[in-house]
Structures are given as C-alpha cells and as structure tokens.
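The chain contents come next:
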Amino acid sequence: MTTLQSQPNHAGDAHGADGAHDGAHGSAEHAKYPFLQHHFDTPHHQFDSAKLGMWLFLATEVLFFGGLFVAYAVLRNRFPEVFSYSSHYLDTIMGGINTCVLILSSLTMALAVRFAQTNRKTGLIICLILTFMGAIGFMVIKYFEYSHKIHDNLVWGTTFYVPPHDAAGELEAKELSVAPTTSITLNPVNPAVFAVPTLAPTPAVDASAIKQASRAPAGMATPTQMAKAEGLPTGEHDPSFAHPATHLVDKKMPANSHVFFAIYYAMTGLHGVHVLAGMVVIAWLLKRAIRGDFSSDYFTPVDVGGLYWHIVDLIWIFLFPLFYLIH
Amino acid sequence: MNIASTIFSNLLAGDPREGRTLWLPPQDSNLAVNSDLMFWWINIICYFFFIGIVIALVILVVKYRMKKDRPFRTDGPLHHLPLETTWAVVPLLIVIFIFYFGFRDYLNFMTPPKNSYEIAVTAQKWGWLFKYPNGATSDDLYVPTGRPVKLSMRSSDVLHCCYIPDFRVKKDLVPGRYSYLWFQTDDVTPEGWGHNLFCAEYCGTGHSNMNRKVYALAQPEFDAWLTAQSQWLDKIPEEELYFRAGPKLYARCQQCHSLDGTKGIGPSWKGLWARVSGGEGGDGKFVDGTGYQSQIGAGKQYQTPEDYIRSSILNPGEHVVAGYANAMPSFKGQLNDKGIDAVIGFMKHMDEFDTKGKYLKEVPPAPKVSMK
Amino acid sequence: MSHTATTSHETGGKTPGAHPIVGHLVPTWLLVFVGTSLLMLTVITVAVRYIDIGEFNIVVALGVALVKATLVCLFFMHLRWDRSFNTLVFVVSVVLVLLMMAFLIMDTNQYHDTQFDGNAPNAESTLQANAPGAPVARFKPYSP
Amino acid sequence: MTTINLSQPLDTAARPDNYITHTRGFMSWAFTLDHKRIGVMYLVSVLVSFFVGGVFALLVRTELLTPGQTIPGVTADVYNHFFTLHGAIMVFLVIIPSIPAALGNFIMPIMLGAKDVAFPRLNLFSYYLWIFGALFTVSSLLLGGFDTGWTFYTPYSTTTPAGGVIPALTGVFILGFSSIFTGLNFIVTVHKLRPPGMTWFRMPLFLWAIYATAIIQVLATPVLGITLLLLIVERAFNIGIFDPSMGGDPVLYQHFFWFYSHPAVYIMILPAMGIISELISVHAHRHIFGYKFIALSSIAIAIFSFLVWGHHMFISGQSPLLNTLFSLISFSVAIPSAVKVFNWMSTLYKGNIVLNTPMLYALAFLVLFTIGGLTGIHLATLNTDVHLHDTYFVVAHFHYVMMGSALIGMIGGLHHWWPKITGRMYNENLGRIGCITVFIGFNVTFFTQFFLGSQGMPRRYYDYQPEYQIYHVISTIGSYIMASGFLLTAYYLLASLFGGRLAPANPWGGRSLEWQCASPPPFDNFSTQPRVGDCYDFSAIRWDEKEQGYVVDRALDPTLNPNLAAKNSH
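Residue numbers (our numbering), protein chains in the order written: chain A, 5 to 331; chain B, 122 to 493; chain C, 2 to 145; chain D, 9 to 578.
Honestly, the hints are just simulated from the structure, not real lab data. Source: prediction; values computed, not measured. Hints may contain errors.
Said to hold, decoys possible - In silico DSSO-like links for lysine-lysine, alpha-carbon gap of 27 Å or less:
1. D:K300 with B:K189
2. B:K459 with B:K469
3. B:K479 with B:K459
4. B:K459 with D:K358
5. B:K406 with B:K453
6. B:K334 with B:K453
7. B:K391 with B:K477
8. B:K459 with B:K482
9. B:K356 with B:K459
10. D:K554 with B:K189
11. B:K188 with D:K358
12. B:K391 with B:K482
13. A:K125 with A:K36
14. B:K189 with D:K358
15. B:K356 with B:K252
Starting from the given sequences, assemble the full structure and let the hints guide the process.
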C-alpha cells in the first residue's frame, strides 16, 4: 500500500480527483452553488454521484423486468405453437404506433435534457410537455388494446375458455372463480375466497367449460362465424377476430393458448405501471422547470428523470417484437 | 463415539435392526451403501479440519495473549502469497474429488434400471396412494425384496416429497409432472416393524402426519399380499361392507373429517347423514348460499343423499359446505363404487363406531383378508 | 479506476463557456438523426413480420430491437460519453438476466417430457376432453 | 433515544456536541437525514424484530418438546404459522438489514471518512420502507396469518386458505426495495465519497464486505421483487405462470426464488465476515494478514453467489444436468471461505490478543462458521444431499451459517462499536459471560439437530416419531440456555446506557477512521478532514491511562510519516 503523499499519481488519487472532498475548496463551491448538498464538493461531484446512483437503479429495473423476460423465454420455449398462434390476436399496427410514440417521446426527452443544459427554459418546458403527451398517447392506445382484448375474452387464466357473453358462461366463470372480477374483491376474513381452486381439482367443471366453449355456446357461434373460424387466424383485420371469443370456435387453437395472454398482460401491465410512474416524474420535472430551477449548472433531475424515461422506452423496444412480431 | 452411538441407538426404541450409528440409521437399500460411504468420508474430512482449526485457535489465543508490561509486537507477517495460495487451492482439490464421487453415485440414483418393478404413487393432502401393476392399491408401501423397485410419482395438489430415510432416497412430487425414484432392498422388514416414509416437502396442516410405513416382503409373500390386496374389497359381502371396509377407507379421510364433531379441514362426519338426509341437525348451507334441502331430493341436482355424497367424493369442488375451504382433492380413480358404498354405509352407521372409527360390536370372523 | 478519471475529463467538467460545467452536450442533429433512424427501424421490423422467413423472423426482430436499444443507450442515455463504470453496471445487469435465462431454458428443456400440457392434476379427466382447444394431457414415458 | 443522554448530565468538556445532542425532540429523529441517527433507528427496529422472532423460535422449540401437541392450543396450523413467522421475521426483518442497514449505516461513512452517505434522503426513505414492510408483514397476522414457510413455495402458497399471504408478500416486496436502496446508496458512497488518500486498497475490510454486499443487494433483490409480484397476481388473479394446471411450472418459481435467496445468504454472511476482519485485527492489535486476499475474496463470494442458487433444488425436480452444474459451482465457494478463515487465524499469529467480549464473539464466529461451512459440503455433494435435503441437517446447517455466523458477527460488531454509538462502556465481565452462554446454548441447540437430520427427521414437522424425541428435548434445552444468554446481553447493554462509564474515543485501539472521532461522533463526523493512514497498522497505538483508552501517535505511523516508512519497512 503506497501512500498518497509519496505518489501523487496513485490510482486512488486519480479517483479522488473526481470523487474527493477537501474542505477549503468545498466551502467555496457551496457558497457558489446553492443546490450543492453539504457532503458533496463540486456540482460535478454531485452530478456524477446522482448519475451512478441512477444507473444502479436502472440495473435493478432491468433485473426486475428480467424475471418476466425469463418467464417469457421459458414459456415460449415450451409452447412455441401457442405463441405463434396467439400473437395473431394482437394488433401489430397499434403496437407499432405505440412504439413510434414512445420513441418520439424519448427523443423529446433527450432534447429536453439538451435544452436544460443550454439554459433554454421554454424549449425545456415544451419538450417536457411533448414527452408527457407521448406518455398519455401510449396509455390511451394501450387502453384501447386492452379493452378490445377483454371484450374478445382474450384474457388470462381459465376464463380464457369461458365465453363471457352468455349467461351460462358468466355462471361458469363464477364457478371457476378465477375470473379477476371475482377474485379482485380480496376478502381475507373469508378463506374460501382465497382458496382459488387452481389445484383443488374440479375436473368436471374445468373440462366441461372447455368443451362447451368449443361447442360454441348458445347465441355465440352462428354457422358463418364457424366457417370463418375454420381458416387460420390471419390477424386483427380478419373480421372473425372482431367477434367475442372467436378463438373458442377455432378448431386450430393449440392447447394452453391462454398462457400467451397471461405473460402478455403481466409484462405489458408492469410496463404500463412504469409509464404511469414516468408520467409522475415528468410532471414533477415540468413543475420545477416552470419554476425555473434548472440551469446549465444544475439539471441533474432532468437528466436522471430522462434516463428513467429512456429505460421505459428501452423495455418496450423489446416487448414489441416479443409479442407483436411473431410470424 | 461408539459409546455415544450405542446410547443413541438404544434410545431409538423398538428398532430391531443392527447398524444404527450416532449419525445414520441402518442401511436398508443398495443406494444407502455408497451414500453412507460418502457421508463418512466427508465427516472424516470435516473432523480433521474442524479439530485442527480449533486446536490452532486455542494455541494462538493462549500464546499471543497481550502482556500488559511489554509493548505491542509488530513483527507479524503482513501476507505470505505461497501460503495463502496453498490454502486457497488445497480445499478446492479436496472438494473436486468429493464432487466427483458424489456425482457418480447420484447418476446411479437418477437412473432406474430397466427391469425394475414399477409402483405408481399419488400424493395429495395429506396421504399417499400406492398403485400396483395388478391394480391393487394400498396406503402403506409394500415392496418386494431383491429387485429394483421404481416409484413413478405424481402429486394431485401441491408439492410433496417422498422420503425413505432407511433407503437414503428422496424426491419431490411436483404437480403437473412425473418424478421417479428407485431403490433395491434386500432384507425383509422384521415383523412388527416398518421403515418410515415421510413427506419432506412442506404441504400444510397435515404435513407432519403424512407419513406411512414401508414393508419389504420376500417375493412369494409379496405376491400373496398383492393378490389379497387387489381383491380385499370384492371379497367382502355387501352387508358387511360398511364395518369391514369403512374404517379402513376412513383412514384416508381422518386427516380432515373427524367423527367426534370437531371441525377439521372438512366438516365432521358426526351426524352428517342426518344433515344431508334432511333430518335433525338442520338444513346446512353451501358456500354458494344454497341449502342442502334445495340441492338434495327428487328432481334436485342430487336425487338422493347418497348421490350427493358420491359426487362430493368424486368432485368435491362442486358444492363446498359453508365455512370450509375448497380443499378436498378428488378421489376419482382411487375409490371404486363398492368403496364409495362402504364409505356411505360407514356414515349411515356412525353410531356403531367410536370416535376413532373403531367398530364397537365384535366383528364376525372375516373371509381371509391379509392386511398386515 | 484510472479510466474513469480520464473519461471524467472527456465529459469536460472543467471546460469553460456555454458548455455546462457537468455532463455532455449532445448536438441536436445527432439526437434527431438517432430518433428518425429508430422510427425507420421500427417500420422495417414491422414489415418483416409479414414475410415468412422461418427461424429468421425472430432473429431479425430481436436483432433490430438490439440495434435500437443500443442506439438509445449510446446517444439518448449519453452512455457514449458517460463513465464506463455506468456502462459496466448496466451490462452486468443484462448479463445476469441472460445467465438466468440460459440456465432455466437448459433446465426446462431437460424435464420437458415429464410435464403435462396443462390441467395436469386431473390428467384422466382432461384426456377425455377431446374438444379442440381443450388442454390435452400428453405424457411421454421418461427414458433415462 | 434522546433519553440516553438526558439520563445523566454530561460534562461538556469530556463530551462536546455530538449527533445525539446536536438537535433534540422526536421530530429531529423521525425526519433526520443523518446517517448515524438512521443507523441507530435501524438498530433499534432490528433488535426489536429480533426479539419477536426469537419469541417465535422459543415457541417452536417448546412445541417440539414432545410429539403431538405440547403447548395447549398450539395446533398443527398454529405451529405452521409460528415457524413461518420465525423464518420470515428473522430473514427479512432481522438478518438481512441487521449489519448493512443498521451498523453499516452508522459506521460505514465514518470509516470511509465521509460526511454522510451519498443520498441521505434516499437513506431515510429506505428506512421508512423497512417500517412499512414490517407493518405489512405483521398486519398479515390480523388478516389470518400465513403458513407458507418463509420460502412461499407455490402451489401451496397460492392455494392455502390462510388469509394473510398477500399482505405478507407485499410486506416482503417492500422490504426488498428498502434493501435495494440501501445497497445502491452504499455503492455510490464507496465510489464517490472517499476522501483523498482513501484508496480502494486502503479501505477497511468491513467496507469491502459492505461494498460486496451492496452489489448483491442491488443485483439480486429485484428478482425477488418480480417473483413476489408474480406470486401475488398468481394468487389474486390466477394468472398461472407457476400453476401446472394452467401450463405453468412450480419449479420455475423455485428457480426465481433462489436466484435471489441464495445471494441473500451472502447478503447475510458477507458483512459479518467484514466485521470479523475488523474485530480480530483490532482486538489482536495486529495488522490483518493477507489484506488483499480477504478483500478480493469478498468480491469473489459476491460473484459466485449468483451462480449456485440451484443447490437448493437438488431433489425438487430440477434436471440432473443442472444439479450437476450447480453442485460443481457450489463447491467453488469453498475457496474464498477457506481463504478468509485461514487468514483470520494467521492474523492472530504473533498478535497482541485481548480476550474481551468482541474478541470472544469473533472466536465464536470462527468456530461456528467452520462448522456451518464444513457441513455445507455434505449438502453440496449430490448423493449425500439426497438423504439430507429438507431434514433437520439442513436446518442445523443454515442456522450455523445464518445465526451462528451472521448474527453472532452482528452482535460482536454491536459490542465493538457500542462505545462509539452510545458513548458508553458496557460491563465487560457480563459481556464475556453472555457470549459464552450464547455460544454453549447455540451448540447444544443446533449441533443436536445435525444428528436429528441425518437420522431422517424432516423439517417443518409439528408431530414426529417418538424415536426422535430425545434429540428434540436436548435441542429445546439448548435454546433456553441461548435465550438466557441473549437476555443477559440485552440487560447489560441497556444498563450501560444509563450507568455505563463514558467511552473514550478509542477504547479498543482501532486505527480505522471511526476511532479518530469522538464517541459518540460529532454531528458532521469530522470537523477537519482526517488523514488516512494504514488502518491496520497498530505500531502507532499507545494506551493512555488518563484517557482510559488508546491514542494514536501519528508521527509513529509509517504510512503518514514517509521518512519513518523508510526506516522500518516490513
């Protein structure tokens, strides 16, 4: 262990240069920059620390989603046919539009950082607003997608096999008691509600539910629709897919098709939550920007918030091909 | 060591077998031999290092206690690369050897011989069902000696784990999958003794009572037992069914259903028949709000009480009694019609049994049914 | 850690003028260029989806995604000019995910054959559910 | 907390303004950004949870005195709730935050020579996250408790009628994020707030350990987060990723869970190892032996910890291929562990050992960790693990590592830094007695369980075969001995707050920076930036009668006095 004094160019010293605090210099800087916290010495020092912290946080985000990506990989590896089939129920065009929206909002965010760095307040505000609009646009499109899927009974769990639009279906959905509608009302006092019979076997109900579904229950599958459903599903523009629960009358539907939608809702749902969080962050940045907190000296929040927004974009960049672009 | 082992082995009451040590139960399967050999080798290595380290610690601490009068000695070495490298590498070499032998034996454990005698195992909360090639079923595991036995196991609810300490074998039962276990035992289980079979994967309330016995029989006895076992139910005349078969079958139900009225995982069978047949005990309710009376009876979903009981056995989730979780597994494929009749008869004549399910009247001499 | 020190001088912490005292100033044209190329790539990858090139569909899709991700990281997220330690942190996290994925795929592929396709606990009953779309219990005998 | 010093008047000469007296009142603590106060709050919370978890442990042990029911009213279900709570509380509320969040928060920035952690607000935030997580976990009791075992294995956890599972999962989820933010904070602190001269290889080994731990916390815990999240939606909405009847796979859950929970074991043990490095070298007044090997072995363990999770699943239906891989990699952990143990021992060689309480704890750690580590070999070996897996052998093994090592190390560290934290000295003799009692009690309790396990007693059993009873009785008696030891410890530590003599700045003769500031430390740690020397060079240490503590003769320190370094270079 060589000493600092004897070797000024020691690696640790070099590190000290960017991460060091030495009393006198520090106090002067603190007088100069009000935003500088007491335990940092220079704005540069503070900025660097914030950046490192944020990147570590992004790493945790990656691993957080990573779990779901792994689950996706395992499921797709096990049911390739399910994924190539079910992905045709997703609307590639809508997904593509969403991707573009997110990319644009990412761009505006990057520009926002630049405007902050160059002391152009109006530019910063405009860019932040644009980014926020992008986030809203994304969520709106996602909302339409979701509601359409749910209307088509393209949902997770056993409900996937239960046509919701006739009384029998509703009833059966209740019996299976795995429909979100019945389980969301978590009433812990009554354990029966919690005993979601995933494994407490109810074979008759289960199988019959599936059978009846495939037999195209009353009022659902007119011969024409049956005929439509004969052919391979060819994507959203095929009218047969516009009809509720068409997948149930499709003889070509592979087993366990619900798995695709389970992981689809899990991943896009979690991503949606992150978009919402991002909106909160952007709104907060906007407020501070309007107040005029940011300058070429101090724009760390904009930069860090931007990083977060970019990672949200980044994750979607992978979600898009993994769900929408399966041939 | 030896004294201790004898003490402990004496403490384990009733075990007629030799060879229990302080650390391990007797070896009763071919797999146990290598496994134990490995275990002892690792133990010896552990003793060596542990004792060495402790002695060294004592010496160091005693020798280098701080003396008040003399100043700090600062002549200790700061580091010693060769030494440190040595004690980084030596343990590695040792453990690599250990890994190799462990791995070799593990492969053997993982690959059941082709010619092994296969027994189908189904686990559910909280019991085991063993199905033999000729369709016989049993609650305890009976295996022939002198030939490899392969258990092909699956669970019908949650994770379970089949563990037979004396055989040194263990494997999880994962719902949705088959898992396999094999062993070969050569010595017949002594009379009045049985190897333990535990569930080693936590599975809830009855986890610790989900244990059975394993009996190893010589091939001829085993075959005899097997034929008897496959026919025991058919041999019983209808009118004797409920008190001969009832209690035996109830053994599979007692985890959840009491006979003395105490509320278990499931409703007690005390006064059950009165309840379902609309007698005293009132009109019970189901979780979905409907009552027995509105479900059972001519023209209802269940024509008769028997009909209701039967469907509750085969398809328990259909109507769950209010105040209970839908926790009962289906006994479809495990209980044939005659078995169900026996259970229903058992329920009807509840007053002829004590709270443990023991028949109170004396049982007339039975047709030969060897149940060990 | 000396490399971080050198990059810190790249980031121009001390350079005077309109340039901020911290961080790196990315020229507008570059940002816009990256943005447009990202949009282009999106259009391309969507187009490819409708062509059947077998295995390559997923390869192309993920390849394009990878390129897009790299662009975002390097330019939007300033990694191109940032401390290399930040890059390291990010890369390590991705590597860990890939590692986990690799192990799990390896594992599940091994015991795939001993698994039912759904409704496993009641295999008998589902075997009778012969309707299209019904989960079918398929059991290949396990051969070690 | 402020009562500590209000309890008796301080002569301001001996005790200038410090972090406790700097500001007063509840609010000044609840909203403090001072890492020391946050550390103290963590410490109190963790110790309270430790008490609660300990009570559950005693209940479990007592219940196991006889087969079947022992304590009236404790049915199998109640028992299941007991051991689940014991496990969950001890792991998530006590051991994981104990050293990094509690002691680490207090000591780490001072040791480093920093004014505070990098993100003080985040630090406070993660403390309150801990509080909320704890509240959620405990609130699950009111909602019906959870009897899933701390591992939450599905399908049981998704189907059990117990009502408190989702609150408990949420609680653990939140706790995970508390842990993440602490780790993040520490990494940035170590990277960015080192004063001039505090080079990487001059950091005290405790900091290396904390740094390695932080890496694991940041990289592993998110996976736990997503796993619990999936479990929650699985239970609430039956989404079916882990549910075989929906095409899911329970073994997938186990993979996910252990991908975090194995590294978590090192989150527990690594900081304890760091503490031991400090204790041994300070109380032996001897330069640590093989500094670099110990430092790097911490990082090595952090890296290995991500590659061995599968050894928890040897018989769980994981494929033979991966079992083999994981078994092989698991053995590689033996290297850094062996390096540490042997280096600590050679640190004693030619030392000046003082057998006071922290040192006794350090020695206890060495013995217990050796046993825990060596029995790990039985479990990492494939064929012996088949027999031992999920038996009491495993229980004994991980108690030796998690409690015998991690917690004993934490308590040793607590005694080591107690004078610094509270400014009071505890009763040394009672300390020694307490340590020895705990050590004896611990071994009686858990060494017996090795026999119990290898004789075939499965874990998590409420009822058991009568043949096992003798072992259980011995084990339970041991647990009572241990409990009495801990109660004694609690007593004299609390007593020291009120009656204890004022602690000198440097009671043990340590060289690292925290011993250079007064005890308790001033509000901003260092009025003048300390000059960093070799924190393990004790040649400059002298006992001072007047001070009743040690003083550093800085002129005698070769690292601070180059021309001296030229003279006596070893």
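### Task
Tell me, in ascending order, the numbers of any earlier hints that this structure violates.
1, 4
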